[in-house]
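Q: Chains as they are written, first to last, in numbering that gives the first Met the number 0: chain A, 0 to 311; chain B, 0 to 192.
To be clear, the hints were calculated from the coordinates, so they are not data collected in a lab. It is possible that some hints are incorrect.
A few chain A residues that face chain B, going by a derived Cβ cut-off under 10 Å, partial list only [to be verified]: (1) Thr64; (2) Ser66; (3) Pro112; (4) Ala117; (5) Asn139; (6) Phe140; (7) Glu141; (8) Ser166; (9) Tyr181; (10) Met189; (11) Lys193.
Taking CB as the label site, the calculated pair distances span [said to hold, decoys possible]: (12) A:Ala36 with B:Arg109: 48 to 58 Å; (13) A:Arg110 with B:Pro192: 51 to 61 Å; (14) A:Cys90 with B:Arg109: 51 to 61 Å; (15) A:Arg110 with B:Pro11: 23 to 33 Å; (16) B:Phe110 with A:Glu37: 28 to 38 Å; (17) B:Glu123 with A:Ile11: 37 to 47 Å; (18) B:Ala186 with A:Leu85: 42 to 52 Å.
Which chain A residues face chain B? A few, computed with CB under 7 Å, are given here [unchecked claim]: (19) Lys114; (20) Ile116; (21) Gly118; (22) Asn120.
All C-beta atoms, glycine included, are put in the ideal place defined by N, C-alpha and C.
Residue strings, one per chain:
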Amino acid sequence: MTLVPVTYKGGIYQHDIIMDLIEDLGGYIVQKHIIAAEVVLQCFVPKADIGLIRTIAKPLFGEVTDSPLVGTEIAIVSMSLEIHHLPHPSCDIAEYVRRIGAKSNMVSLARGPGKRIAGLNDEERDVINEHDLAVYLMGNFETCIEYKMPTLRRGIEVPIILCGGPSEEALRRITDPPFDGYVGNVGRFMRRTKESDQLDKLDEIVAEITRVVEKKRDDIAKDPLSVSPARLMDLIREKVPAILDVTSPTPLTVQMRGLRVKLPFDTFAAPLRAIEIEDGIKVGDVAEVAPSRMRDYILVKILPFSETNTVI
Amino acid sequence: MAALEYFEVECPEPLGAEYYRQIANDVLLDHNLLKVVEKLHIYIDPKVPVFIAVGTLRKIKTIVRVGDFANVNPLEGKITLVISDETYLAPMLKLFWEKFGKEHVEQPDRFTVMLYDVKMDPREIEALVVADPSESLFRDLIYAFRCIAPEGFRLRRETFAKEKFSFVASENTLAEDVDALVAEKFALIGEKP
């Protein structure tokens, strides 16, 4: 059964029918937002059953759209928290990515700006590495990007998409080894992105992120994970009731290779490892439960089939 | 950019110059400074690195009086002020409290202020000076240029006088010959530093 990421948008009336349907079909609801009288469900559903969901959603005026970024956690790396970079363009991009299903976090560097003075500390490096991919938002000058990029990418293991003021060709020319994705002509600007050409640029960033995410999914498919992150999410929600009291918007954040559990590590790591998934196989057997560098959260890294020899 | 008489951004990287022109325009527009700046020349060299902005300022008469944003209507022992623009409401209320005392000033809603038992002539009230925006002008200009300049350029030297200003920023210690560079840029806009 192949699960595909989709977004369901519809009225609040009878939306529980859709939720039950997705769960009955063996799908998972990753995020649920209720905005006024509208419900947005970001979920994984079996590929073969999308037609059925569409048919049942039709009388409710619900819409099912593909959203390849559901179930990914993306770091939008902004060079600082100053007015120079916020709210435009960093927040604009983070928000746009969020609209199509990704969980985006903004990571602002303590010493990101400048040319010679730019740096990346170990905490920032580790936090970025906890994500599925990072989008680096750089400034407008080729010289500065060329000079500081080797420092800012040191130790980063996740795919990086580089956005900057110079054209895409220039960005490719000045970076070696090449990054996983490039979007040119989007550097520092101080106005809201609302004109059509600016929105096209945001679409371009999203397209580049999607391309990199798809590539990563293909890589994962070659050595599949021992358990699907979405399934683990459902299981934790069922077995660890404390998660229901967490007020964060996504207490369980699904990533491509694991999930972030927003509970204190010291108290909950052991019970989490002991959760039985199926046939006596415990979470601790198929996943590494590690402390996250983000607050005192828990990071569950699911091991691939090649390491555990089990897929459940 | 019609308001500026001269506006140029000079940079070895043409695309960077174009972006910075846009940034400067947006920031000055956001801070309502386009009316104030007459000529502006920005020079950026990311290789050095250095950011220089030189320019001239317009003379502005900017004293804001009560009559500029409020209608003063005397009626049966009380004076009603109908406010059309809230920007200076707070300094005006403060002024009234000091002059007449809090018990004589009342604000029933956002756009109305009533004065009770005030002996002052309504015309005199209209002529009361509420604020002088030019007091904060230099502060606003410096803030705006800090926003325009690349963020890493934290070592600054700025000179703001009545008619001219220069703003130099870099991330390294400023070179000793930076004055010559500033003078060169002033010459481009036909001024002397």
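Q: Restraint: asparagine 120 of chain A near chain B, CB-CB cut 7 Å. Satisfied or not?
A: At about 16 Å, which exceeds the 7 Å cut-off, the nearest Cβ of chain B leaves the hint on asparagine 120 of chain A violated.
Q: Hint validation: lysine 193 of chain A versus chain B, beta carbon distance must be below 10 Å. Holds or violated?
A: violated (13 Å)
Q: Closer than 7 Å between Cβ atoms is the bar; does lysine 114 of chain A clear it against chain B? Give me holds or violated.
A: Where the cut-off is 7 Å and the nearest Cβ of chain B is about 6 Å from lysine 114 of chain A, the hint holds.
Q: Using 10 Å as the Cβ threshold, decide whether proline 112 of chain A counts as touching chain B.
A: holds (4 Å)
Q: Taking 23 to 33 Å as the hint, is the beta-carbon distance of arginine 110 of chain A and proline 11 of chain B inside that range?
A: At roughly 25 Å between Cβ atoms, proline 11 of chain B and arginine 110 of chain A fall inside 23 to 33 Å, so the hint holds.
Q: For the hint on serine 66 of chain A, just tell me whether its beta-carbon gets within less than 10 Å of chain B.
A: Status violated, d = 32 Å.
Q: When the nearest CB of chain B is found for phenylalanine 140 of chain A, is that gap smaller than 10 Å?
A: holds (4 Å)
Q: Regarding the hint that methionine 189 of chain A lies at the interface with chain B, is the smallest CB-CB distance below 10 Å?
A: holds (4 Å)
Q: Can you let me know if the beta-carbon spacing of phenylalanine 110 of chain B and glutamate 37 of chain A is within 28 to 38 Å?
A: Between phenylalanine 110 of chain B and glutamate 37 of chain A, where Cβ atoms are some 36 Å apart, the hint holds.
Q: Would you settle whether the hint for tyrosine 181 of chain A is holds or violated, based on the nearest Cβ-Cβ distance to chain B being less than 10 Å?
A: Where the cut-off is 10 Å and the nearest Cβ of chain B is about 15 Å from tyrosine 181 of chain A, the hint is violated.
Q: Next item in the hint list is threonine 64 of chain A. Is there a CB on chain B closer than 10 Å to its CB?
A: Violated. Min distance 34 Å.
Q: Within 42 to 52 Å or not, the Cβ separation of alanine 186 of chain B and leucine 85 of chain A?
A: violated (37 Å)
Hint compliance for this structure: hints 1, 2, 9, 11, 12, 13, 14, 17, 18, 21, 22 are not met, and every other hint is.
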